[in-house]
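Student: Sequential numbering from 17 applies to the sequence shown in our numbering.
Hints were generated in silico from the structure; no laboratory data involved. Treat the hints with care, since some could be wrong.
Said to hold, decoys possible - As a list, the in silico DSSO-like pairs of lysine-lysine whose alpha-carbon atoms are at most 27 Å apart:
no., residue 1, residue 2
1, LYS153, LYS101
2, LYS28, LYS42
3, LYS176, LYS153
4, LYS153, LYS118
5, LYS42, LYS101
Quantities reported herein were computed from a predicted structural model and do not represent experimental measurements.
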Amino acid sequence: MDREGMKGLRGKSSIEKLSELMQSPKRRERVLSGRLGILNNHALLLQNLIKADSSLILGSAGETDEVVTIDTRRQIRWPGSLHGKCGLRVTEFPLSRLDPDKSSSFDPLSEGIALSRQDMIEVEVTVDDAIVRFDDKQYEPNLGDVLNIHEAGATFLILKGWARIRR
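With the hints as constraints, model all of the structure from the sequences given.
Tutor: Structure (structure tokens):
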């Protein structure tokens, strides 16, 4: 809940009280049917615990896609590792930062950069009319243009197939 920036009841005693309330089969049945009001002020605690538990699988979540599950290239990457198709760092952030209209929205092309921003590399653009941004700098190269760009940007462009190292 801390990671998601959620406040409210969350101490050990509150969770123990929620557990005690859920021991009643009739109360459990009401909660499972969506009537959380029966939990009084512990309803918000239950909702926040469910929202914060990324391992929770709800009964109506659907079937597991076995093809995707066994294909390690399609699985969610470990936070801190590099994504093989773009060279950006897999970054964990609160769901509240997904809203692009907020001033604190997540910016993967700034916050996800893991490689050097100091070491420069010359690349030749292999696509027409590309638009790419890293931090506050935007590039709009065309096919054949040569960019002198930082290592992180060059890695991104090369892995996406938009450029190649100029020799």
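Student: None of the hints should be skipped; say for each whether it holds.
Tutor: Results for each hint:
{"no.": "1", "hint": "LYS153 / LYS101", "in the structure": "holds (21 Å)"}
{"no.": "2", "hint": "LYS28 / LYS42", "in the structure": "holds (24 Å)"}
{"no.": "3", "hint": "LYS176 / LYS153", "in the structure": "holds (18 Å)"}
{"no.": "4", "hint": "LYS153 / LYS118", "in the structure": "holds (20 Å)"}
{"no.": "5", "hint": "LYS42 / LYS101", "in the structure": "violated (51 Å)"}
Of the numbered hints given earlier, the model fails hint 5 alone.
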